[in-house]
Amino acid sequence: MARAVSRNTKIGWTIAAWFVALLIFFPILYTIITSLKTEQEAISGFNLIPSFSLSSYETVQSQNNYWRPFTNSVVISVGSTVLALIVAIPAAWAMAFSPTKRTKDILMWMLSTKMMPAVAVLVPIYLIFLKTGLMDTRIGLVIILMLMNLPIVVWMLYTYFREIPGEILEAARMDGASLRDEILYVLTPMAIPGIASTLLLNIILAWNEAFWTIQLTTTNAAPLSAFIASFSSPQGLFWAKLSAASTMAIAPILILGWFSQKQLVRGLTFGAVK
Amino acid sequence: MATRQTAGLARLMRAPAIILLLIWMIIPLGMTLYYSFLNYNLLNPGMTSWAGWFNYQYFYTDPAFWESIWNTLVLVLGVLAITVCGGIGIAILIDKPIFGQGIVRILVISPFFVMPPVAALIWKNMIMHPSYGVFADIAKFFGMQPVDWFAQFPLFSIIMIVAWQWLPFATLILLTALQSLDGEQMEAAEMDGAGPVSRFIYLTLPHMARAITVVILIQTIFLLGIYAEILVTTNGGPGYASTNLTFLIYRAARLNFDIGGAAAGGIIAVVLANIVAIFLMRAVGKNLD
Numbered sequence: 001m002a003r004a005v006s007r008n009t010k011i012g013w014t015i016a017a018w019f020v021a022l023l024i025f026f027p028i029l030y031t032i033i034t035s036l037k038t039e040q041e042a043i044s045g046f047n048l049i050p051s052f053s054l055s056s057y058e059t060v061q062s063q064n065n066y067w068r069p070f071t072n073s074v075v076i077s078v079g080s081t082v083l084a085l086i087v088a089i090p091a092a093w094a095m096a097f098s099p100t101k102r103t104k105d106i107l108m109w110m111l112s113t114k115m116m117p118a119v120a121v122l123v124p125i126y127l128i129f130l131k132t133g134l135m136d137t138r139i140g141l142v143i144i145l146m147l148m149n150l151p152i153v154v155w156m157l158y159t160y161f162r163e164i165p166g167e168i169l170e171a172a173r174m175d176g177a178s179l180r181d182e183i184l185y186v187l188t189p190m191a192i193p194g195i196a197s198t199l200l201l202n203i204i205l206a207w208n209e210a211f212w213t214i215q216l217t218t219t220n221a222a223p224l225s226a227f228i229a230s231f232s233s234p235q236g237l238f239w240a241k242l243s244a245a246s247t248m249a250i251a252p253i254l255i256l257g258w259f260s261q262k263q264l265v266r267g268l269t270f271g272a273v274k
Numbered sequence: 001m002a003t004r005q006t007a008g009l010a011r012l013m014r015a016p017a018i019i020l021l022l023i024w025m026i027i028p029l030g031m032t033l034y035y036s037f038l039n040y041n042l043l044n045p046g047m048t049s050w051a052g053w054f055n056y057q058y059f060y061t062d063p064a065f066w067e068s069i070w071n072t073l074v075l076v077l078g079v080l081a082i083t084v085c086g087g088i089g090i091a092i093l094i095d096k097p098i099f100g101q102g103i104v105r106i107l108v109i110s111p112f113f114v115m116p117p118v119a120a121l122i123w124k125n126m127i128m129h130p131s132y133g134v135f136a137d138i139a140k141f142f143g144m145q146p147v148d149w150f151a152q153f154p155l156f157s158i159i160m161i162v163a164w165q166w167l168p169f170a171t172l173i174l175l176t177a178l179q180s181l182d183g184e185q186m187e188a189a190e191m192d193g194a195g196p197v198s199r200f201i202y203l204t205l206p207h208m209a210r211a212i213t214v215v216i217l218i219q220t221i222f223l224l225g226i227y228a229e230i231l232v233t234t235n236g237g238p239g240y241a242s243t244n245l246t247f248l249i250y251r252a253a254r255l256n257f258d259i260g261g262a263a264a265g266g267i268i269a270v271v272l273a274n275i276v277a278i279f280l281m282r283a284v285g286k287n288l289d
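Respectively, the protein sequence lines represent chains A and B. In terms of full-length UniProt numbering, the first sequence is residues 1 to 274. In terms of full-length UniProt numbering, the second sequence is residues 1 to 289.
Since the hints were made in silico from the structure, they are not lab data. A hint or two may mislead.
[Said to hold, decoys possible] EDC-like mimics (lysine to aspartate or glutamate), calculated; alpha carbons at most 20 Å apart, straight line:
hint, chain 1, residue 1, chain 2, residue 2
1, A, 262, A, 163
2, A, 10, B, 95
3, A, 10, B, 187
4, B, 140, A, 41
5, A, 104, A, 41
6, B, 140, B, 67
7, A, 10, B, 190
8, A, 262, B, 187
9, B, 96, B, 190
[Stated by the list, open to error] Residues on chain A that point at chain B, a partial pick, calculated with CB under 8 Å:
hint, residue
10, 13
11, 14
12, 28
13, 43
14, 46
15, 50
16, 91
17, 98
18, 107
19, 110
20, 114
21, 120
22, 123
23, 208
24, 225
The C-beta atom is built at its ideal place from N, Cα and C for all residues, glycine as well.
Work out the full structure: start from the sequences and follow the hints.
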């Protein structure tokens, strides 16, 4: 778009785009604003200027022990992602660098496991968790979320690894690099950006997961998604408090998400749109 | 390049991922299938017996089942219609030369990162609440009676929330596709006298066809499993008015402790998800290389 555009047209489009963007962002913005109000202000009509009171944040922390679900969220999302990476990196590596005739089929099959509705296996997983004592434990959720996101992790890594040119390996070999040197000094530095984006996107997906976390936890291992869902009951209906809890639950991932917009497209479309 | 040694190593490297996914697929699904033929209620586990096709029959003849199938369809199609049409419009708008494009992008993409229970509770309490929500404030400002959204239009309210969550995804992917559109081709068409509408229909839309297909496919998979949004807003009600298939199975398993019935519902959900997947893959196969 190198064409010259008249200043007025540009201003016109800018106003339209900003209007739409602010409209879409408004529920989040209004939640942040409300979290800074007192409970009294929060229910006394539309008002965009809060009194910047932090009391709701203190209440959420002291009454509901916010840090426990927060730590659970961190442990579960990071743990399941790291575990998935440990299993997926070798698999994606092998499929990208020494593909066989069946590699495509294996990848498609992995994708198809993602189409299985979670609710279809609710009954057995629930019963297994009850019987093995995994119910309401972090380790149980780490395992489930790891298995759930494994296909996406393999696919994402595969599309990244495949872009590493094979000629570079040959060149390194010509220069007398051993297999160890190849992996350590040639492939790893080229693979790290792909691994990092995969890590980021999957932490986001695991953080926001809200089916298994609600089904398989009660209090001890409940991450933020399950913790917030418990606010739907009537005794939780305090607007400023709800807003404060919501803001704290989404802020870290919102910021991570802003950094990973580009990878998001690639990761969630399994490389079909870049 | 692949000597026998590296081929063996490659197999070893692939094995853990494949074995784990095989276990994850086969064991729970096999158990679901088995339970679906049992009379098995957690309130009365001693009375477990073989049920044959009874659970399926029971599920299939329950009026709530058909209502939930209908709700699932309306929910998926409603959200798809809003997000695809809205996504195209917003993507084109953001792609125009504007000031602060980066910030606009960030604002538009944000709802996608809001976890489902938070998104639903924000909308339920801050926006659509009949006495304290923003919609009620607007209605009062114009001297109208505020609408009790979740009581009067439960399914529509959930569609709004879910559409808000998925609009960024559609926009972002369509924007990515739009930005790879050849600018010179556009200019040539413009010079040849093609108006904005025909340029959109004959150049922009065909170029985005693949991305639109991908958006529909991926969103459908996720939209079939909508759960938390229903749980924290209407809890499936009033009656079964906002219960989708996922929520119906959850009700059977967790609220009625009916393991057999929920398992039968689970198998039906698998069959439906597969029909959708095959149908979509066929219908759009020509767009996916």
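To see whether the hints hold, each was checked on the structure:
Between the alpha carbons of residue 262/A and residue 163/A the distance comes to roughly 16 Å, so the proposed pair stays at or under 20 Å and holds. Restraint check for residue 10/A and residue 95/B: satisfied, since their Cα atoms lie roughly 12 Å apart, inside the 20 Å limit. Distance hint between residue 10/A and residue 187/B is fulfilled; the C-alpha atoms sit about 18 Å from each other, no more than 20 Å. Between the alpha carbons of residue 140/B and residue 41/A the distance comes to roughly 18 Å, so the proposed pair stays at or under 20 Å and holds.
For the given pair, residue 104/A sits about 58 Å from residue 41/A by alpha-carbon distance, which is inconsistent with the 20 Å threshold. Of the supplied pair hints, the one linking residue 140/B and residue 67/B is violated, its CA atoms being roughly 34 Å apart against a limit of 20 Å. Of the pairs offered as hints, the one joining residue 10/A and residue 190/B holds, with about 19 Å between alpha carbons and a cut-off of 20 Å not exceeded. Pair hint residue 262/A plus residue 187/B does not hold up; C-alpha atoms about 27 Å apart against a cutoff of 20 Å.
Among the hinted pairs, residue 96/B with residue 190/B is consistent with the structure: their alpha-carbon atoms are about 16 Å apart, no more than 20 Å. The beta carbon of residue 13/A is positioned within 8 Å of a beta carbon in chain B (closest approach about 4 Å), and the interface hint is therefore held. Hint status for residue 14/A: holds, given a least beta-carbon distance of 4 Å to chain B, under 8 Å. The criterion of a C-beta within 8 Å of any C-beta in chain B is met by residue 28/A, whose closest approach is roughly 6 Å, and the hint holds.
A distance limit of 8 Å between C-beta atoms decides the matter here; for residue 43/A the minimum to chain B is near 5 Å, and the interface restraint holds. The closest approach between the C-beta of residue 46/A and any C-beta of chain B is roughly 4 Å, which is under the 8 Å cut-off, so the hint is satisfied. Below 8 Å, beta-carbon pairs count as interface contacts, and residue 50/A has none with chain B, the closest being about 13 Å; its hint is therefore violated. A hinted interface residue such as residue 91/A counts as satisfied when its beta carbon comes closer than 8 Å to some beta carbon of chain B; here the least separation is about 4 Å, so the hint holds.
The beta carbon of residue 98/A comes within 4 Å of a beta carbon in chain B, closer than 8 Å, and the hint placing it at the interface holds. Here the hint on residue 107/A is broken, as its CB sits about 11 Å from the closest CB of chain B, past 8 Å. A hinted interface residue such as residue 110/A counts as satisfied when its beta carbon comes closer than 8 Å to some beta carbon of chain B; here the least separation is about 6 Å, so the hint holds. The interface hint given for residue 114/A is met, as the beta carbon of that residue sits about 7 Å from the closest beta carbon of chain B, less than 8 Å.
Among the interface hints, the one on residue 120/A holds; its C-beta lies about 4 Å from the nearest C-beta in chain B, closer than the 8 Å criterion. For residue 123/A, the shortest C-beta to C-beta distance to chain B is roughly 5 Å, which falls under 8 Å, so the interface hint holds. About 4 Å separates the beta-carbon of residue 208/A from the nearest beta-carbon of chain B, less than 8 Å, and the hint is met. Contact between residue 225/A and chain B, as hinted, is supported at the beta carbon level, the nearest pair being about 5 Å apart and thus within 8 Å.
Hint violations for this structure: numbers 5, 6, 8, 15 and 18, all remaining hints satisfied.
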